[in-house]
Amino acid sequence: MSRAVEINDLKISIPQRREDEKELLRGVNLQLQSGESLALVGESGSGKSITARSILGMFPRGAKVSGSVKVDGTEIVGASSRELRRVRRSGVAMIFQDPRAHINPVRTVGHFLTETLIVSSGWSRKDAEECAAQLLRDVGIPNAKERLNQYPHQLSGGLLQRVMIAGALADEPAILLADEPTTALDVTTQEEVMAILMEMRQEKGLAMLFITHDLELAAATCDHTAVMYKGRVLEVNTSKELHDSPEHPYTVQLLAARPSVAERRHRLPVVDMSEEQLP
Amino acid sequence: MTAVVAAPNNPVAIFGRFSPVVVVSVLIIVVFTTAAILAPWIATHNPNEPDLLNTQSAPTGTNWLGTDNLGRDLFSRMVHGARSTIFGPVLVITVATTLGVSIAMVAAWCGGIVDQIIARFIDVMFSVPTIIVALIVVMLTGAGLTGVVIGLSIAYVPYYARLIRSAAMKERSLPYVDALWLEGRSGLWIVCRHIIPNISPLILTQSIASLGLAIIDITALSFLGLGVQSPDSDWGVMVRNGIDGLLSGRPYESLFAGLAIVLFAGSVNVLGNHLSRRFEV
Amino acid sequence: MRRILLRILLLLVVLFFSVFLVYTLLYLAPGDPIGALLGPQSATPGQVQLLREQYGLDDPFFERFSGWLWGVLQGDLGRSMVYQQSVFNMILARVPTTLLLVGLSTLFIVIIGFTWGTRAGISRGAWSNVHLAISTVLLSTPVFITSVGLIYLFAVVLGWFPAFGSGSDLITGIWHMVLPVIALSLPAAAYLSRITYSSVRGELNREHVETAESRGFSRGYIIRTHVVRNALIPMVTVAGNSAVTLVAGSAIIETIFALDGVGSLLVRAILQSDFALAQGILLFIAVFIVLVNAFVDTLYFVLDPRIRRAR
Ligand SMILES: Nc1ncnc2c1ncn2[C@@H]1O[C@H](COP(=O)(O)OP(=O)(O)O)[C@@H](O)[C@H]1O
Ligand SMILES: [Mg+2]
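Protein sequence lines, in the order shown, are assigned to chains Y, A and Z.
Note that the working numbering has the first sequence beginning at -11, numbered continuously upward.
Note that the working numbering has the second sequence beginning at 23, numbered continuously upward.
Note that the working numbering has the third sequence beginning at 621, numbered continuously upward.
Since the hints were derived computationally from the structure, they do not count as laboratory data.
Don't be surprised by glycine CBs; every beta carbon is placed ideally from N, CA and C.
Accuracy of the hints is not assured; some may be wrong.
Claimed, not checked - What the simulated footprint calls covered on chain Z by chain A, stretch by stretch (three residues with Cβ under 8 Å from a Cβ of chain A suffice, anywhere in the stretch; the number is not a length):
#, stretch
1, 754 to 760
2, 863 to 871
Claimed, not checked - Among the chain Z residues that face chain Y by a calculated CB cut under 10 Å, a handful are:
#, residue
3, Y643
4, T644
5, H828
6, R849
As the list claims (entries may be wrong) - From chain Y, some residues computed to sit far from chain Z (all C-beta separations above 12 Å):
#, residue
7, E(-6)
8, Q19
9, M46
10, R73
11, R74
12, V80
13, D86
14, H90
15, R95
16, E103
17, K114
18, G145
19, D159
20, Q178
21, E229
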């Protein structure tokens, strides 16, 4: 099985004017195999989003980056912008947390769905719209043709996140990065959107990095789970193993402090760890 | 492998806290204002006394900046002219601030229909250029500094009223106002003792920012012959008066007066920018 | 559509009130129009009375106002007391000059302000500091000083452009317009470029731009499609406002460059207390402001789908 994404000792820090550098990632190691799904779990601020963005070479402005990120064998750290664009265009697609903010409000849904096809793959508008309508049907949106002419503010959050998913699938990527795709939605739509996402992934055999702060959800949906804390990956294992016999004390605490089902949509509790307990 | 991503560009940098630009600006404002206050003692000549044997002179040892078309000393006219050019706008801003803040407070405090009417009225006033408002007033009062100051004061009110009204609205909705209200304090007391002090950084910043505009407007009206009347001097009047010399290749009067206006207005604007960044308004 | 009609209706109401206000103010003005009319000549009380009747100066206020308004609606703005001509014809004769000046300036402002602000907004280097410095200087420079500077440099020293006058045909007319247009445009262009700069900056940091980046589009495409297009919305307001201030600025510019337009006529009317003329020009300006506002509202509607579809 080939490695779709391989992250080795990735460190990202931001030089501060007065204090020491602000360390966002302190040596992250992760592997994502082709066609597999990997959940990245951790409390808010632990560096999950930064890790996902670095797979696309989208580092914070002014950051110092060291280590290695390989996507299908291409080194991302220090890559030219031309190489980065190629990776972003063809191999990897990202689904963002808040579709309302992450889709241009003054362009139509159709524009969002067709632009990768037209701009990157050189499709004709007509073909691209045909394809976009099909994508909308695939993610379970009826009246696809009319939806194409609507603007984001005319769609509910759940529908818009489906549009985001459809947009990510448009250019047939091999790797999907989903950054808390359901956190901004209300509980009932969360499940629907999650189901659509899993269905699409399985159908197309994509590798997926799924970011969440919900260990239960991670275990239910992904082959492997990685636990992040303060810019480090503490533990990676198959989701089942990790769930049944966690090794790292932080994971144990996380599981012990697992929120009840009723509270599941809330954030993970913040667990305090002393530095010695970390690897 | 190590890569450094391009650092964010920071436009605030050149107007930073101790930036030389701000220091120089403050210096210019202080020097010009002092000169205006001390004009009678600084001036080397009587600013209104013609000397027909010595017209359109270039700068010399006795006439530091040269003379105008009537042979009047330009340096002395500049320092005397600084008075109306600097204190005219200050007066405009003082009056406009007072009126604007009062109107805004009435609107924010009364709310409801009063606020609606005031807001509409401000909107309408807002769409009329300040110069036009000033022109209308000057037509009523006749040309002269008084008319110009009244006109511009009225013209600037909507700028304050709009900004301060919304700030006051926000302030009013804070819980401490309710608490004071329950304590039995009067509305006027709360406005004067709490709301106005709390939004005073905003008022100050807005005042400095509009002072720059007022300098430009007032000199423009003087330039058109609607403000300060001859033989008194004013930098705007001097730019106008110097045009004849300028066309015949002696640009000193227009040049010096114009430069003074740009320097002063520019310094005030730099200071305004700096303050608005510091107070983050 | 209903929104726009409603806006226009509101603007018309505003127009009526501003006209009424101006009329009332001038009615209350202390200056004596007959004195202005006669100038240095002396007249017998009988002659003065005759003139007062001729101009209807003794009629009650509302009669005069409604008479005036009725005339205005028929294109009759009264007669200038100083020039003894129909105000309407006087304005009409000068409208082309002013419209050419304001039109060319708007074009210049939009092009310069837009490209310059966008350029500075998307750059990471020294551009934005240079932009901030230059625009601060231009914003602090009154148009009359820019004008005088331009006249000295390009007309007196270099002799490239004429300093005064309107020219005789369209070609020489535009030739004579070069310096006035630049002088009138620079501060507004600097202002527009500032607004463009900050709104481009703001848009660049928006999340949807991150999405476009994650899709591997070129920076140029992202800026054209997702940044500039969104940044246009605040810029339209500013461009509209500056078109309005241009009319005021034209009063100054036309006076300096001796252009025979509506603005310089207004300044003269005020200096000579020619109330009928001033009233007519102010009315003309008010109509212009209303039209520009209506145009800006329409443009908003086209640019922002969130307004377009809102009920
Ligand atoms: N552009 C940036 N500049 C500086 N710090 C950042 C930037 N983006 C994120 N951070 C910081 O990095 C840490 C990790 O952020 P993130 O990856 O978004 O966490 P999460 O696990 O919640 O997704 C946070 O403390 C955040 O404040
Ligand atoms: Mg995150």
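*asked:* The output says E(-6) of chain Y does not contact chain Z. Does that hold with a beta carbon cutoff of 12 Å?
replied: 20 Å, holds
*Minimum beta-carbon distance criterion (10 Å), Y643 of chain Z to chain Y*: Violated: closest Cβ of chain Y sits about 43 Å from Y643 of chain Z, beyond 10 Å.
*For K114 of chain Y, is the shortest beta carbon distance to chain Z beyond 12 Å?*
Holds: least Cβ distance 20 Å, greater than 12 Å.
*Does the claim that R73 of chain Y lies outside the interface with chain Z hold up, using a Cβ gap greater than 12 Å?*
4 Å, violated
*Could you let me know if the closest chain Z CB is still more than 12 Å away from the CB of E229 of chain Y?*
With a cut-off of 12 Å, E229 of chain Y remains clear of chain Z, as the shortest Cβ separation is near 32 Å.
*In terms of Cβ atoms, is chain Z entirely out of 12 Å range of Q19 of chain Y?*
21 Å, holds
*May I ask you to check that D159 of chain Y keeps its beta-carbon over 12 Å from the closest beta-carbon of chain Z?*
Contrary to the label, D159 of chain Y does not stay out of reach of chain Z, its closest Cβ about 8 Å off (not over 12 Å).
*Hey, does H90 of chain Y actually stay past 12 Å from chain Z on C-beta?*
5 Å, violated
_Given as non-interface: G145 of chain Y, which should sit over 12 Å from chain Z by C-beta_ = 14 Å, holds
*Just double-check Q178 of chain Y for me: nearest Cβ-Cβ distance to chain Z has to come out over 12 Å.*
Its Cβ never comes within 12 Å of chain Z, the nearest being 20 Å, so this holds.
*Close enough to count: is the Cβ of T644 of chain Z nearer than 10 Å to one in chain Y?*
At 44 Å from the nearest chain Y Cβ, T644 of chain Z fails the 10 Å test, so the hint is violated.
*Count the residues of the stretch 754 to 760 of chain Z whose CB lies closer than 8 Å to any CB of chain A, then report whether that count reaches three.*
Contact hint for the stretch 754 to 760 of chain Z vs chain A: holds, 4 residues under 8 Å.
When held up to the earlier numbered hints, the structure conflicts with 3, 4, 9, 10, 11, 12, 13, 14, 15, 16, 19 and fits the remainder.
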